[in-house]
Amino acid sequence: MSLDHATVRRIASLARIRVEDHEVEPLCHELNGILGWIEQLNEVDVSGIAPLTGAANMAAPLREDVVTDGGYPEKVLANAPERIGDFYVVPKVVE
Amino acid sequence: MLTDLTIAAARDGLRAKDFSAVDLTMAHLHAIEALNPRLNAFITVSHAKAVDQARAADVALAAGEQRALTGIPLAIKDLFCTEGVRTTAGSKMLSPFVPPYESTVTAKLLHDGAVFLGKANLDEFAMGSSNMTSAYGPVENPWKRRQDDTAVLVPGGSSGGSAAAVSARLAMGATGTDTGGSIRQPASFCGLVGVKPTYGRCSRWGVVAFASSLDHPGPFARTVQDSAILLRSMAGHDPKDSTSANLPVPDFEAACRRGVKGLRIGIPREYRSDGMPVEIDALWQQGIDWLRAAGAEIVDVSLPHTKYGLATYYIVAPAEASSNLARYDGVRFGARENGGDLRDLYERTRAEGFGPEVRRRILIGTYVLSAGYYDAYYLRAQKIRALILKDFTDAFGRVDALLAPTAPSAAFAQGENMDDPIQMYLNDLFTVPANLAGVPAASVPAGLDANGLPLGLQVIGKPFDEETVFAVSTAIEQAARFTALPSLRAGG
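In order, the protein sequence lines correspond to chains A and B. At position 41 of the first sequence the residue is numbered 40 (numbering that gives the first Met the number 0), and the sequence of numbers has no breaks. At position 244 of the second sequence the residue is numbered 243 (numbering that gives the first Met the number 0), and the sequence of numbers has no breaks.
Just so you know, these hints were derived from the structure itself, not from any lab. Warning: the hint list may mix true and false statements.
Here's a subset of chain A near chain B, in silico, CB distances under 8 Å, partners left out [what the hints assert, rightly or not]:
{"hint": "1", "residue": "R8"}
{"hint": "2", "residue": "I10"}
{"hint": "3", "residue": "R15"}
{"hint": "4", "residue": "C27"}
{"hint": "5", "residue": "G53"}
{"hint": "6", "residue": "G70"}
{"hint": "7", "residue": "N78"}
{"hint": "8", "residue": "V92"}
With a straight-line cut-off of 30 Å between C-alpha atoms, the simulated DSS-like cross-links for lysine-lysine are [unchecked claim]:
{"hint": "9", "chain 1": "A", "residue 1": "K74", "chain 2": "A", "residue 2": "K91"}
{"hint": "10", "chain 1": "B", "residue 1": "K91", "chain 2": "A", "residue 2": "K74"}
{"hint": "11", "chain 1": "B", "residue 1": "K91", "chain 2": "A", "residue 2": "K91"}
Per label pair, the in silico range of CB-to-CB distance [stated by the list, open to error]:
{"hint": "12", "chain 1": "A", "residue 1": "G35", "chain 2": "B", "residue 2": "G274", "range": "15 to 21 Å"}
{"hint": "13", "chain 1": "B", "residue 1": "R271", "chain 2": "A", "residue 2": "R82", "range": "28 to 34 Å"}
{"hint": "14", "chain 1": "B", "residue 1": "Q284", "chain 2": "A", "residue 2": "Q39", "range": "24 to 30 Å"}
{"hint": "15", "chain 1": "A", "residue 1": "R82", "chain 2": "B", "residue 2": "A478", "range": "55 to 61 Å"}
{"hint": "16", "chain 1": "B", "residue 1": "L484", "chain 2": "A", "residue 2": "W36", "range": "20 to 26 Å"}
{"hint": "17", "chain 1": "B", "residue 1": "D340", "chain 2": "A", "residue 2": "E22", "range": "20 to 26 Å"}
{"hint": "18", "chain 1": "B", "residue 1": "A47", "chain 2": "A", "residue 2": "E38", "range": "50 to 56 Å"}
{"hint": "19", "chain 1": "B", "residue 1": "E82", "chain 2": "A", "residue 2": "V88", "range": "22 to 28 Å"}
{"hint": "20", "chain 1": "A", "residue 1": "D44", "chain 2": "B", "residue 2": "R397", "range": "37 to 43 Å"}
{"hint": "21", "chain 1": "A", "residue 1": "G35", "chain 2": "B", "residue 2": "K239", "range": "17 to 23 Å"}
{"hint": "22", "chain 1": "A", "residue 1": "L13", "chain 2": "B", "residue 2": "R14", "range": "54 to 60 Å"}
No experiment lies behind these values; they were computed from the predicted model shown. Even for Gly, the Cβ is constructed at its ideal location relative to N, Cα and C.
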């Protein structure tokens, strides 16, 4: 599977990373290099193997569904690039 | 010199009032002042805070209250959130970020009395094997080639600043994180002990996430015993990390004294790759002979899927990274690049804030998780991950620990291995399998190459059996008698 320019643009758009026109070709080359190298995994027989999602060999812990934290908007908003009162500010999204 | 002491010796010296915690911290702050402008091991030096913490340690010591790390000055990888101290993850994206909370691991270290000298440099978001991808500049390895002391070598990565700081005696120990080798490879490159414990042993809460199922916090130190002291303080159950193991933390320091008599040590034959440098192969054989002489039984074992570890890793890690790094959107914290509409703000923020390697990995991860490709790449990689874990499980049915090289080379020069991303990825060939399987592993300095650069041997253990890893590592340390020193060091 080899990526073309349109696919690289589509992936970048899914990842919300702006890619300039002159960056598409070098990115295409690098990503194809990595994906070509990964192709070696196709020689492994994985039939009947259950996928492993992680190394933690334990059941997911459960806890009571109660609020245990919060109530400090100043701390939460302290690193906001832009804020008004207790709100984050973003460009207008509704006309 | 105070900066040459081990943590264990400093602990005794503080108790005996041979020197104060302020003396010890000031000695390290002076060393940082002298050498950090060149090494660039620290992104942030928290001078005033460190002195305050050292004063508090002296008050505790005067009252006869000595905890495991009271007054011990450490470097903290700038991936651990530290309350009120800027945490960058080596990225422009987090350059304005001051965490309002403390990571669990650093909170445990503070609880045990440690002094934090500052935040250590690293590859951006811990993605790299050379510390060359940091937005805050590369780190210089304190070690020099004997024949060419002008070449500037990399300290390895991603925890390159942590390794350089401990090696050059700017800190007595350091925290690191290991997702594919980021503690063990820099430990090998800088002549240190580096330990990646079992997945779940150290909480990931408050550690800036790269690949959650592979990220492991762990310690750097100059001796196996010191690394055991640090790990004991860092480890333990944390309800805030749902993958944290609810198991008691053993006395790792005591485990260092167990010896290896009667242990069965496996030698995984697939780690003997064709292109392996002769001196690394010879060092590995030397390690086998040392352990046999110390009373261990050597067993040939097979980990048949070893060669697929790296490619599997380069699907799983970018996939998880693309998801974890989605949070950097320029809205709630971190840097922002303004644009036309909200989508433009996201896209410009992420193009400006992430460096090339991080962007590359996010794009690979996005692709392998995207509709139509998920089964072919991500699901297949997860199945091979299961086979790699099974390789270890089968081997550990026959042996107590494994011995292998840590890295396929000694430290290389800045600028080398930079043209092709895959060439850089190959650094992690021997370290990645332990991350995929979640098993504990340590790198121990075992010898020097022809250039006088340190080389490490890797000890890999059963899940939650770090004690055997410490016992085997101590046996190697005692046999290797590694006393070489880096060219650049405090008082050197």
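ask   = In ascending order, which of the hints set out earlier in this document are inconsistent with the structure?
value = Numbers 1, 4, 6, 13, 16, 20, 21, in rising order.
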